[in-house]
Each structure stands twice: as structure tokens, then as C-alpha cells.
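Asks: The primary structure of each chain is shown beneath.
There are 2 protein chains.
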Amino acid sequence: MDEALLKEIVIPGTSKIVLLVMDGLGGLPHSGTGRTELETAHIPHLDALARDGICGLSVPVAPGVTPGSGPGHLALFGYDPIAHNIGRGVLEAVGIDFDLEPSDVAARGNFCTVDANGIITDRRAGRVATATSVELCKQLAQIELPGVQTFVEPVREHRFVLVLRGEGLSDRLTGTDPNREGLPPLPVQPTATEALESADLVNRWIAAARERLAGRETANMVLVRGFAKQPMMPSMRELYKLRAAAIAIYPMYRGLAKLVGMTPLPGGASFEDEIEKMKEHWDEFDFFFIHYKPTDTAGEDGDFQRKVEALEAIDKLIPRITALKPDVLMVGGDHSTPAIMAAHSWHPVPFMLIATLCRPDRADTFNERACELGSLGTFPARQALAHAMAHAGRFTKYGA
Amino acid sequence: MDEALLKEIVIPGTSKIVLLVMDGLGGLPHSGTGRTELETAHIPHLDALARDGICGLSVPVAPGVTPGSGPGHLALFGYDPIAHNIGRGVLEAVGIDFDLEPSDVAARGNFCTVDANGIITDRRAGRVATATSVELCKQLAQIELPGVQTFVEPVREHRFVLVLRGEGLSDRLTGTDPNREGLPPLPVQPTATEALESADLVNRWIAAARERLAGRETANMVLVRGFAKQPMMPSMRELYKLRAAAIAIYPMYRGLAKLVGMTPLPGGASFEDEIEKMKEHWDEFDFFFIHYKPTDTAGEDGDFQRKVEALEAIDKLIPRITALKPDVLMVGGDHSTPAIMAAHSWHPVPFMLIATLCRPDRADTFNERACELGSLGTFPARQALAHAMAHAGRFTKYGA
Chain A
0 MDEALLKEIV IPGTSKIVLL VMDGLGGLPH SGTGRTELET AHIPHLDALA RDGICGLSVP
60 VAPGVTPGSG PGHLALFGYD PIAHNIGRGV LEAVGIDFDL EPSDVAARGN FCTVDANGII
120 TDRRAGRVAT ATSVELCKQL AQIELPGVQT FVEPVREHRF VLVLRGEGLS DRLTGTDPNR
180 EGLPPLPVQP TATEALESAD LVNRWIAAAR ERLAGRETAN MVLVRGFAKQ PMMPSMRELY
240 KLRAAAIAIY PMYRGLAKLV GMTPLPGGAS FEDEIEKMKE HWDEFDFFFI HYKPTDTAGE
300 DGDFQRKVEA LEAIDKLIPR ITALKPDVLM VGGDHSTPAI MAAHSWHPVP FMLIATLCRP
360 DRADTFNERA CELGSLGTFP ARQALAHAMA HAGRFTKYGA
Chain B
0 MDEALLKEIV IPGTSKIVLL VMDGLGGLPH SGTGRTELET AHIPHLDALA RDGICGLSVP
60 VAPGVTPGSG PGHLALFGYD PIAHNIGRGV LEAVGIDFDL EPSDVAARGN FCTVDANGII
120 TDRRAGRVAT ATSVELCKQL AQIELPGVQT FVEPVREHRF VLVLRGEGLS DRLTGTDPNR
180 EGLPPLPVQP TATEALESAD LVNRWIAAAR ERLAGRETAN MVLVRGFAKQ PMMPSMRELY
240 KLRAAAIAIY PMYRGLAKLV GMTPLPGGAS FEDEIEKMKE HWDEFDFFFI HYKPTDTAGE
300 DGDFQRKVEA LEAIDKLIPR ITALKPDVLM VGGDHSTPAI MAAHSWHPVP FMLIATLCRP
360 DRADTFNERA CELGSLGTFP ARQALAHAMA HAGRFTKYGA
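Residue numbers (numbering that gives the first Met the number 0), protein chains in the order written: chain A, 0 to 399; chain B, 0 to 399.
What the hints contain is simulated information worked out from the structure, not anything from laboratory work.
Hints are not guaranteed to be accurate.
Since the list gives no way to pick one copy over another, a pair counts as held whenever it fits inside one copy or between any two copies.
What the hints assert, rightly or not - Mimicking BS3-like on lysine-lysine, the simulated pairs with C-alpha atoms at most 30 Å apart in a straight line are:
{"no.": "1", "residue 1": "K396", "residue 2": "K292"}
{"no.": "2", "residue 1": "K137", "residue 2": "K15"}
{"no.": "3", "residue 1": "K137", "residue 2": "K324"}
{"no.": "4", "residue 1": "K278", "residue 2": "K228"}
{"no.": "5", "residue 1": "K396", "residue 2": "K228"}
{"no.": "6", "residue 1": "K228", "residue 2": "K6"}
{"no.": "7", "residue 1": "K324", "residue 2": "K228"}
{"no.": "8", "residue 1": "K6", "residue 2": "K257"}
{"no.": "9", "residue 1": "K137", "residue 2": "K6"}
{"no.": "10", "residue 1": "K137", "residue 2": "K396"}
{"no.": "11", "residue 1": "K15", "residue 2": "K228"}
{"no.": "12", "residue 1": "K240", "residue 2": "K137"}
{"no.": "13", "residue 1": "K276", "residue 2": "K137"}
{"no.": "14", "residue 1": "K315", "residue 2": "K6"}
{"no.": "15", "residue 1": "K15", "residue 2": "K315"}
{"no.": "16", "residue 1": "K257", "residue 2": "K324"}
{"no.": "17", "residue 1": "K315", "residue 2": "K396"}
{"no.": "18", "residue 1": "K276", "residue 2": "K396"}
{"no.": "19", "residue 1": "K315", "residue 2": "K240"}
{"no.": "20", "residue 1": "K137", "residue 2": "K278"}
{"no.": "21", "residue 1": "K315", "residue 2": "K137"}
{"no.": "22", "residue 1": "K315", "residue 2": "K228"}
{"no.": "23", "residue 1": "K276", "residue 2": "K324"}
Given only the sequences and the hints, what does the whole structure look like? Please build it.
Replies: This is the structure:
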């Protein structure tokens, strides 16, 4: 939303806004029944909310564009996901709860295997065991660079995060992965003159890494890519005067929320735990982002029935959220993950907002077809927060 | 669509996209029946496609704006028709298949009649016969300008195209038509300092033309306007990695397509020929723009019944297109031409997209009222291609 406009109309308040994100919420019809996951699931509580609220289909990034988790969430947080592109290195770092500083440069790394001539024979080093990877990262963490602190943090299997911390570092760097076997790793190159020194530093680090790994048969080299700094984003507090909390089991979603200034609250082991966490901290915050993952996992696995069950499972817990009596409850998704595609997709995502001053609309169940009838229509996801702010009484009149 | 975004998400592929443009497709209700041309026509094949696909109403340029053929097509090709304005001179040149070079300056010209004092008595020289015009153009083509090559190509009746080819020419020039009789032609004036020399050259050419035509009673002077260079547009290949072909009977539509890098394939004498041409070249391209003119011609003539028949005629040929099994088929129009207006109009245009991963919507026939119920809603025409790219599997995920 236009920052100058926000400055004029945002007012502080004590109302509570809850944003429930069901990851990968949207779906497509099952070929046998012609019904989507949401249309198949028995979800009386969500349907009742749709009757009370206003509905629509949210477009996370742009028509036809399939979003990753980063852009999908940023949009629901009220940010333009194209203007604020989150680099892969940053996402990988926040995904392991690494506490990035604003000037850090992060990259996604992985161990690979090269032959005696330095030619890549396996880009993923046979998906080396995480335990081995942890050990190798410890060795690489000992590499020293002049004037720069380095962190090498294992992720899972062959993947790790490389973070450079120091003055004047630039992320305008190309990656080293040639994207296929049979070629040597590429040197890191600067894409802007400001990055000349950073490129040199990373290349020295890679050379040192190669030396330290040289004795090994496999996982004897590294590939790094996705160099990125945190995007510079004004916080939700600055823009919306909201004290915002993020409750999620997976660190990546808390990390994404941290990028916009939310306070992360680890979510425990289940969605029930997440709700309990929200209840516990109810008085400390006025915006809660609460994340539900099973819908996406089932969709990505292509398991239609399990996605239906994930929807039915969360439906049973909805009364625990409404019992907290948020002034505004938003229910949506960061993107669609239709089980029949077993992947994220570009299809608009069912969305609803429930508050006392909702003007009734024609959507009276919560699914793709019904939300299309809703008064929000098919709308950019980054507009959702403005609707919530309005219904929460946190926007004053614009102009006299 | 945002070019930086496209760079990140466009991937090459082997899928096939067909864009069928029925010129002037949209209509308005007949006063007797209350039904539009599409609602009156018996079009079972188009209706069946609407049931399978997603529908909407496309807005070619902006709400309320009546587009010419240029902007109407550019939008369907995925370009912002306001940012990429095609000058009248260029449109006239591509309309006669003139092969413009990027630095050429083209203008629309016409013969007019002036009296002994140089006052215009007939701006169109009595719509002089095309044969005479061809002869006069030959004479004017002999005019020589220093350092500049000139082309004078007849169009039809009093109209011709003037093209200047040389170094450093500018199109920032005013026209000479005072827009009414009783005044002398205006001198060409530069609207930017860079165009000083070009203005001088064109004024010398006009003086020479006047001399050569001076012996004549009518058609003894020229008017020129709409000076323009080709707009600088990235090609569909650059933006979308599409090998695109344009199939149309009329050169103007092929010419428009050439401006965005499509390969023009002359369409023969009928729409059947056009489909045959597409079939013939099916393996060479992955995007086909195929143009159908009779809907617009009938609309412009104010012939409701003939427009209905033009729709019924193309409906019978739809199976020949679907038999080619395109991965994505788009059916739309460059603008509305309601027969009751006998002119282009601003009304949004019925549009549908058919592909395997379409999420079903409520539009189950193909006409103005039904398309309004479609899940694409009323949308900017320039977004159509993004939907096609998504459904053709040619966009990868944005962001991690």
C-alpha cells in the first residue's frame, strides 16, 4: 500500500487482528468428483465464517505467477512481493533460524563431488548424510578471511548456508553452480563494480574450502549461489503501527515474518500448540500471523485425501481461535498447491475476512468457487491487510 | 508484465499456445431481441470451449477507452498499449506490408486540392481514384533529399505512406493537415530540437511535391501527418522465449505482430486457409496468433445479422483448431465493434482460455453476459498472455 497514504491514515488502537495462513490452501478439482480439496472437505466452522465474513480469491504475486513461500507470505503481510524480492540465500538462512544482520551476505551452499580434474561428477554429493554435512560445515567454519567473519551452517543433507559478515560487503555476485555435471564449478563474478572485493573474498573462501575437503572421495567441493542481503523493508510497526507476532512450527515462516519486524514465537509441535501460544501472548501483540503447514505438505505430495483431512483437522480447531474473539480474523493461503499438480501453482487462493462490520456478500461456504462470488473478487493479496486494518478501526478518514 | 519478473520466471518449453483473435468481437444487444451478436449466434463449439475453460471480459487499453487495432492487438500480445504507442505513420506502413527499418520515419500522407492561393478546397482531393494515386506516388518518389532516401507508397484512394530513411532522423514532427478546408497546409514543425533538421527535410520534400503536382486541377498538393518511428519493443522471444507466428489475411495485422518479433505467415484468402497455414507450420512455432476479420467488418458496417453469421461461420471451424491440440487456446478480440454502433467501442471483450489445468468457473457459454461470470473477471487484456504462459507450463516459481 502507498506509504505516504498509510502515514496519513494509520492510527494506533487496541484491536486484535489474526491472520491464519493455511499453506498451499487453494486447489483444483479431483478428476473423479469434480470437486476441489476444500469442496470435498467437511469444514463446517470455516463455512460458517465464510457466511459471516467477506470472501475473495487472492492473487499472491501477479496473474499467472506461481509464488514461492517468500513472496506468498510477504503479500499477505501487506508488502509488494515484486518490489521486495527475497534472495535465496536469505531465505535459506532464515529457514534455519540464523539471525541475519542487515549487512550480512548469505548464500545457499551445497557439497558436491568433483573428480581429479575438478570436474563436477555429482552436484549433490549423493545427498550426503546430514551428520556428515554438520561435520564438514564445522571444518569449513574454520576458514578465515581478512576483515570478514564467516558462518557455515548446515541445513539438511548436502545443503548449508554461508554467511559473510563485515563492512562493505555486496551481494551482487553470481553463483558457482554450472547447473549440470561434467563441468567445473564457475568462479564467483561481480555483477556490479561495488562487488569486486566481495567476489574476491568468496573465491578465496571457495579455494580454501576445496583444500580442506580435498582428501575426500565424495563431498569434496562446494557450490554456492543465491547471494543475497535482507531486503530493506519498513516494519509492520512503522507502516501499520502494529505490534505483530509470528507463530509457526517451521523456522522459515517465522524468519519471513522477522524480515517485516514481527516477533517470532516458536509454535511448538502442533497447530494446537500454536493456538495455545497465541492465547498465551494475546495481550502483548495486536497482530498474530499463525501458520498451518499440513495443507501444503499434502498438496506437494499429491495426496488429495490427506489435504482434505488436513483441512478437516484445522476446521475442528477454528472455534479455539474464534474463542479469543479477534476483532478481525483473516483466513487465507500463501499460494495454491493443488494435490493433482503436486506443486505450488498460480491459481488464486481462497480468502476470507471476518469482522463485525463486514458487508454481507454471496459467498457462504469456504472454497474456490464460493470465494469467487465474494465481494473482494479476485484481488492482489497485498491488499488484504488494508481490509483488515479498516475493519479493525485502525485507519482514519483520508482527506477532509 | 514486469520485465524483471519475467526474466526470473520464463522458462523455455515445447508447449503450444494459440491466440485466436476475432476482430471487433464484443457487441451490444439488438433493440428488437435484447440479445448481443454472440448471444444471437448459434455457436455450439465456442460454447463448449467456454464450459471447459476460464472466461472473462478483457479491457484492451483502459476502462472507457475505445482502441484502434494497434493497441487492441498489442495488449493481447502481452504489451502495455499505452507505454508502447504505435504512431499512425508506422501503422499505415505496416498495413501495406512496407518493411520498415528501426530508424525509418513514416508518415501518413494524402493528396488534397488547393486553390491558386494555396488554400485547401478539398482535404481528400475528392477521394481520387487509387490508380491515379499510384501514378502520382511514382512521380513523388522521384523527389530527392540530401542524405535521405524517400519512399512514397500508395495505400488506397487519396492515401499514401511517406517513409524517410537515413541517419539521425527524428519523428518529433507536427503534421501539416489544418483539419479543415479554407486554410493553407501548415508547415511541419519540430517538437524537439533533435528534429530541427528532419522538419527542414520534410518541408523541402513537401515544397518539391507541390511543384510536381502544380499543373493539376485536383490532387495538386499533399498533407502529411502522424510522423512516427517503430516503437522500441522487446520481442516476444526476448520476453517470453516464444517462437511466435502471425497468421492473418490483412497485412496490417501481420505488421503489428512483426513489431513484437512474430514471424508473419500470409493467411491466404480465407480463415480455412489460415488454419491450414497454422497446421503446416505447427512444428516450427510455439505461439500462433491467428486473425479473423469478418466479425469486425460486419460490425463496422452496422450489419448485426452479418456479424452473427460471421460468428456462426467461425464456430464451424473451431474443431479444426482444437484438432491440433494446442496446450493453451485463447479466444478473444482486440476490441468490441457493436453492430448497433457501426464502430469500435470501449466495451470489454469476451475472452476465454482453455487448457488442462483450468479451475472450472461459472461461465458456460461464450458471450458478454456469460464471460462476466467467468473467473478472470473484467481484466486488462495485457494480462491474458501471463495466464496462457502459466497454463502452458512456461513460468517457473517466483521466489523460494
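Asks: Each of the hints needs a verdict: does it hold here or not?
Replies: So, going through the hints one by one against the coordinates:
1. K396 - K292: Only across copies: K396 and K292 sit 19 Å apart there, 37 Å inside one copy, limit 30 Å.
2. K137 - K15: Answer is neither; intra-copy 44 Å and inter-copy 50 Å both fail.
3. K137 - K324: Answer is neither: 48 Å inside a copy and 55 Å across each miss the 30 Å cutoff.
4. K278 - K228: For K278 and K228, neither the intra-copy (34 Å) nor the inter-copy (50 Å) Cα distance is at most 30 Å.
5. K396 - K228: between (37 Å within a copy, 20 Å between copies)
6. K228 - K6: both (27 Å within a copy, 20 Å between copies)
7. K324 - K228: neither (39 Å within a copy, 45 Å between copies)
8. K6 - K257: This pair counts as both: shortest intra-copy Cα distance 22 Å, inter-copy 28 Å.
9. K137 - K6: Classified as neither: same-chain Cα gap 47 Å, cross-chain 37 Å, threshold 30 Å.
10. K137 - K396: neither (56 Å within a copy, 33 Å between copies)
11. K15 - K228: So K15 and K228 fail the 30 Å test inside a copy (32 Å) and across (39 Å) alike.
12. K240 - K137: neither (42 Å within a copy, 43 Å between copies)
13. K276 - K137: neither (34 Å within a copy, 64 Å between copies)
14. K315 - K6: neither (39 Å within a copy, 43 Å between copies)
15. K15 - K315: So K15 and K315 pass the 30 Å test inside one copy only (22 Å; across, 45 Å).
16. K257 - K324: Within one copy only: 25 Å inside a chain, 47 Å across chains, cut-off 30 Å.
17. K315 - K396: neither (38 Å within a copy, 32 Å between copies)
18. K276 - K396: neither (35 Å within a copy, 32 Å between copies)
19. K315 - K240: neither (32 Å within a copy, 47 Å between copies)
20. K137 - K278: For K137 and K278, the Cα distance exceeds 30 Å both inside one copy (39 Å) and across copies (61 Å).
21. K315 - K137: Intra 45 Å, inter 70 Å, cutoff 30 Å: neither.
22. K315 - K228: neither (40 Å within a copy, 57 Å between copies)
23. K276 - K324: within (15 Å within a copy, 53 Å between copies)
Figure legend: structure checked against the earlier numbered hints; hints not met, in rising order: 2, 3, 4, 7, 9, 10, 11, 12, 13, 14, 17, 18, 19, 20, 21 and 22.
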